[in-house]
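Participant: Chains A and B, in that order, are what the protein sequence lines are.
Just so we're aligned, residue 47 is where the first sequence starts under the working numbering, counting upward by one.
Just so we're aligned, residue 47 is where the second sequence starts under the working numbering, counting upward by one.
As the list makes no split between identical chains, a pair holds if one copy fits it or if it spans any two.
Cut-off 30 Å, straight-line C-alpha distance, at most; resulting in silico cross-link-like pairs (DSBU-like, lysine-lysine):
| no. | residue 1 | residue 2 |
| --- | --- | --- |
| 1 | Lys158 | Lys61 |
| 2 | Lys67 | Lys159 |
| 3 | Lys159 | Lys215 |
| 4 | Lys128 | Lys67 |
It should be emphasised that the hints constitute simulated quantities derived from the structure, not laboratory data.
Predicted model, so just to flag it, every value in this text is computed and none were measured.
There are 2 protein chains.
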Amino acid sequence: MELLKERILRDGYVKDGDVLKVDSFLNHQIDVPLLCEIGAEFRRRFAEETVTKLLTIEASGIGIAVAAAPHFGNVPVLFAKKSKSRNLDGERYTTQVKSFTKGQVYDVQVAKKYLTPQDRVLILDDFLANGMALLGLADLVRQAGAALVGCGIVIEKGFQPGGALVRGKGIRVESLAVIDSVSQGRIQFAED
Amino acid sequence: MELLKERILRDGYVKDGDVLKVDSFLNHQIDVPLLCEIGAEFRRRFAEETVTKLLTIEASGIGIAVAAAPHFGNVPVLFAKKSKSRNLDGERYTTQVKSFTKGQVYDVQVAKKYLTPQDRVLILDDFLANGMALLGLADLVRQAGAALVGCGIVIEKGFQPGGALVRGKGIRVESLAVIDSVSQGRIQFAED
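Please construct the entire structure, taking both the sequences and the accompanying hints into account.
Facilitator: Okay, structure coming up:
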């Protein structure tokens, strides 16, 4: 998605040598018109699919899913919650996700009543790096007996293993910008 | 806001005797068209105000602010982040917020570069109960030297002290639904 790549080059920056920061428009400050364009692009990528629910994970995914919903016929958005305490009330689907950046394992949960076998779910998120969050969300969809249409990702870090890992499980992943390398402050995109 | 009150009565429910749950449309599953109506109502309430930034706090506030932005000329949304570890790199405004529900104190932060003395800030959030989160966000605005236009709240718990506390500091608060009591499973709104 050219508009997104231009924006990453213009307003993204590299911290500590190899950490891409896009907090001026995506995951701290949010440019809502850009998010609406991103939502429209997700719809184009999954144009032939029936989608009944957009699933994401707090926090940065929420804005992306809310901006995308009007392009998917205003289907409900459901955001999974992160929790460090196990919730065993039987009312939630729970899966464990390992965070590499924070070095800890946390539970990711959705209320069972909002994810059903009738649902056709599109997962949306801001970043794909190690793929742990995506696989966790896919596991929640599986537990619910719902159909997983695929995953729409804003920025995939192509130099990390998540993309291959998730696609290797037969899950369709559409990433709007794939970054090949971030080194010495330079951002390099993968060839389309 | 009648549409919101009707929705609370129809789809909200009361848990453990006195806890109002609106997770079918507001803070777990999200009804995006409703959020757009809520955003339009915030604009009407603050119609005479110039707003340059919408400030909220992760996670549930993000969807509300993203849906409201188009009604405010697509000004940027900025969401404050919750952190349990102090960040002392000097690049962020930080304030401490006490959570009554979780019984702990956490830091709430925004990057300094996204909140400036030129900003006129409208704070948006889903709930107002004890008012600690709102006061924390207002403190971030004060630290930045920005102007605080006011606070737009989706649901105010009128039987808790936050509303009086925040208004008592001279901050304008507009709540779209004010709940007077939740007892024995019944939801009672304040008179308009």
